Amino acid sequence: MTEAALKPAKVAGRPPGGFLERLADNDRWLVRAMLAPAILYIVLLVGFPFLLSLWYSLTNVTVASPTMEFVGLENFRRIIESGTFWLSLWNTVVITVVSQFLVIVLAHVLAMALVADFRGKWLVRLLILLPWVAPISLGSIGWLWIFDSIYSIINWTARALGLFDPTFWPIWLGQPELAKASIIIVNVWRITPLATIIILAGLTSIPQDIHDAAAVDGAGFWRHQLQITAPLIMPITLVALLFGIIFTFTDMIVVFVLTRGGPYDTTQVIASWAYFTGIQGGDLAGGAAISLFLFPVLVAVAVMFLWFAKRAEVT
Amino acid sequence: MTPGGAKLRRAGARAGHAAILVFFVTFLAFPFYWMLITTFKTTQDLQNTEHNPYLFHDPPTLHHLAVLFQDTQFLQWLVNTGLVGIAVVVITLLLAVPAGYALARMTGPWGQTLGVAIFLTYLVPPTILFIPFSRIIAMLGLQDSLWSLVLVYPSFTVPFCTWLLMGFFKAIPRDLEDAAMIDGLSRFGAFVKVVMPISTAGLLTAIIFAFTLVTQEFVYGVTFITSSSSYTVSVGVPTFLVRGDVYFWGSMMGACLIASVPIAIIYNFFVDRFVAGFTVGAVK
Amino acid sequence: MATVEARRLTKVFDEVRAVDGIDLLARESEFLVLLGPSGCGKTTLMRMIAGLETPTSGDVVIDGRVVTDLPPRARNIAMVFQSYALYPHLTVEKNISFPLRAVGMPKEEIRKKVDWAARMFGIERFLDRKPRQLSGGERQRVALARAVVREPVVFLLDEPLSNLDAKLRNSARDELKQFQRQLGTTTIYVTHDQAEAMGLGDRIAVLDRGKVCQIGTPQEIYDHPSDTFVATFIGSPPMNLVDEGETMLGFRPEAFLPKEVEPDGGREVFRFRITRIEYLGADRLVYGVIEGRTPEAHVISKIPTNIRTEIAAGETYDFAVRHVDMKRFDARSGRVLDGDAR
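Residue numbers (our numbering), protein chains in the order written: chain R, 1 to 315; chain Z, 316 to 599; chain H, 600 to 941.
Since no wrong hints were added, every one of them can be taken at face value.
Quick list of in silico lysine-lysine cross-link-like pairs, DSBU-like style, CA-CA up to 35 Å: (1) K729/H with K485/Z; (2) K322/Z with K810/H; (3) K508/Z with K310/R; (4) K310/R with K485/Z; (5) K729/H with K712/H; (6) K485/Z with K121/R; (7) K310/R with K693/H; (8) K322/Z with K693/H.
Partner residues are not named here, just some residues of chain R that face chain Z (Cβ under 10 Å, in silico): (9) A33; (10) A36; (11) L294; (12) L298.
Note that these hints are calculated values from the structure, not bench results. Computed from a predicted model, the values in this text were never measured in an experiment. Even for Gly, the Cβ is constructed at its ideal location relative to N, Cα and C.
Please take these sequences and the hints and turn them into a complete structure.
Pasting the structure below:
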C-alpha cells in the first residue's frame, strides 16, 4: 500500500453561535448557571433570615418599633432567668425523646408487617400515611376533638369497655401531665408513618439471600431479627430517627392547636414559646433568642446526616 | 416438630400479622374515621352524652358541610391554598429542576456533598426563621398578602425537590445525552429535548410533594396573614372556625377531611419516590 | 452422609408449573448436578429441598426422614448461594461461626470448628475482616467455610462459581470437587453451565420446564442423550441436527470429520460445502451446509488441531460420520429412537 501524502488538516474553529450557545456546551459553566438560581434563593431566603435572627437576638427590636439597638446578651439573660423558658426547654426535650422512642419501636413493628405482599396493601398504606400527609394543624384539630373534655371518644370507649371507672374521666388537655402525654401521642401519631416507610425501604433493600442464609444457618425468629435484620437496617433507622427528632423538636403546631401552651404555659415548647413571645407578644428580639435554642439540635442532626452521607458514599 | 405443628405456626403467624395491621390502621386512621362520623352527625346528636357516639341517633346530615361552604370562607381558603400551591410549584420547578440536574451530572466529590448540603436547608425549621421573616415581610409591604407565602414557601420546597430531582436525574443513563450530543445537540439542548421528556414521573413527584408541603404549612401562614379572607386552609380552620368558646366541630371535621384525604390519595401513588428522597442515599 | 430424595415434587406459581412432579434421588456422597437453562426449575427445586420454598405437593426426604414440613434449620443441610449471602455487618469469623452460635454450641468448640473450616479453605488470615474487604474468590471461600462448619449431611450449592471471573472459575472448580471428595458429603449443585456440570458431576440431572429430561453420568448423557433437548444442551458446539422428515439425524461436531480421517466402512459420507472456518487454537470450527437437503442443513464440524487436513471456505468436501456416532430422534417428540442408527 502506498502512503498518500497527508494534506494538513483544517484546524477546527470554535462552534458558531453567541454567548448562550457556547454556554450551552460548556459543561463547567453550564452547571454553575443551572445551579445558581436555586442556591441564590436558598442563601437569600434561608441563610439571610437566619443571620437576621442571630442579629435580632442581640437587639431590642419589637414588632412595633421601626428602630433597634444592640443590647448584647441581654435577651438571653432575660430568657435564662425566666421559669417558662426552662419549662419549655424541658418539655421540648421530654416530648421529643419519648415520642421518638415510641415512633422507632412502633415503626419497626409496622414496617415488618408491611414487608410481605398481601391483599389490600395499597389501601392499608393509604390509611397509614394519612397522619403524615394531612396538614399538621388539621390533624391536630382532629385530636382536639378526640381529647375533648366532655365528648372525648377515648374516654367514652374506655368507660364503655370497663377500662375506666365510672368516676374516672381524664381531662386530657386540662391537666399538665396529661396534656403533655396528649402532645406526645399526637407527635407519635403523625411521625410514625414517615418512620415506617423509611424503615420499610431499608427492610426491602436487604437481599432475600441473606434471610435465606440465616434460615438455613439455623437462626430462630429472635436471633434473626436481632442479629441479622436489626443491624442491617441500623443506618436507615438512624435516618428515620433524625428526621423525627427534627420535626418534633422544632414543632409548634401541635402544641399551638391542642393547648396553646397551657394550662398556664405548662406545656409550652421552645418553638411555641418563641411564637407567643415574639409574634403575639411583640417581643421579636426575645422570640428570636428563644428560637435560637433550637439551633444546636439542628446542627447536631445536620452533622450526623453529613457524616452519614459521606459513609454511604464510601461503602 | 410435627408436620401439624408447622401448619399451626403458619396460621398463628398470619393471625398475628393481621392483628398488628389492625392495631396500627386503627391507631393511625381512626381520627379520620372519627372526623368522618362527626361531619355528618347532627349537632344535637353530637352534644348528647347519652348517645353512643359510634352510632347515628339522628340520620346523617349535610348541615355542617353546608355551613362550612356557605357560612364560612372555607371555599376562599381552598382557593387561596390552591393558588399559592400552583405559584409555589412553578417557582420550585424553575429553580429545582436545573439545579437537580446540574448536581446529578456534576463529576467529582462536590456533587453529592453539595446535594446533601442543599437538602439540609430543608431541615431548617420555620420556627427559627419566622421571626426575622415577620419583619422582612412587613418591610416589603407583603404583610397579610398571599404573595408573602409565595415568596417564602420555596425556601423549603426548593431544597427538598432539588434533592429529590437530583436522585431522579442520576438514575437516567448518561448514554442518552451522549447520544444526543453526538447527534448534534448541546448539553443544555440534550437536557431539554432528551432528559426532560422522559422525566415526567420525577417531575410529577416533585410537583405533588411541593404542593403537599404548601398545604401542610402553618407557621408562616399564621405569622404573615391576619385577615380571614387571605388564610390558607391549614391556618383558617384552626383559627377562624373557633368562635369564642364555641367549636363548630361538625364543620371543622368536614374541613379537615376535605383538606387532607384527596392529597393523601394522590401522595400514596408516589410514596416510593418520596422515600428515595428521604433515605438520603442510604438505601441504594 | 445422607441420601436426598424428591418424591413427585411439584411447585406451582400462579398457574405456572415451575417444578412438575419431579422424582429424584441423590445417593450418599454423590455430587449430583442439576443442569438446565434459566427458568427450568432447578433453583426452585433446590430451594424446596432446602426448605426455603414450600412444595405445592410432593415430599422431600433426607436420610430416610420426610422433611417436607420442617424449616431449613431442622434439616441439617447447608447452602451456598450464588451471591454468597455473607452477612455484611459481621466479620468473617462471625459469619462462619453464626450457624454454630445459632444452635448454642459452647465457645471453645466453636473456635475449634471455625479454625478447622478456615484452614480447609485457606482463609485464616481473613477472620477479622468484613466481607466487603474481600475479593470475590475470597468471599466464596468464606461462604464454603460457613457451609462446612456445621458438618451437615447435605450441601446445596446454587451456582457458586458464576460470579467469579473465568480464570478463577477453573481452579475454583477443581478445588470444589476435591474438597467434596475429601468430606464425602452428599452434594446437590445447580448450574446452567454445561461444561461446569460435565466437569463436576458424578451424575447430572438435565432439567427443562420443570421436568427431568435425563439423569446419568456425564458420559451417559453425552454419548446417549435421551432427547434433542439434552443432545443440544450438552456439548459445545451443540450436536448437529439434520431434518429427515419424520426423524432428526444427530451427530456431534467432533464426529463429523473429513472422509480421509476415518477408515472406510460403517460410516455415512456427506457432501459438505464450507461457508466459514473459525480457528480457535486447539480446534477448528467449520461452519457449512450439507448439500442436497431441503430444508438447508447447516452443520458444524469440530476438527482438532492435530488433524491438519487442509480445507478452505467456499469449497465442498466429503465429510463422514461413523454409524455408531449417529443418533436418530423422533421429529415431533424429540425423543431418541431406540437403537443407534445403522
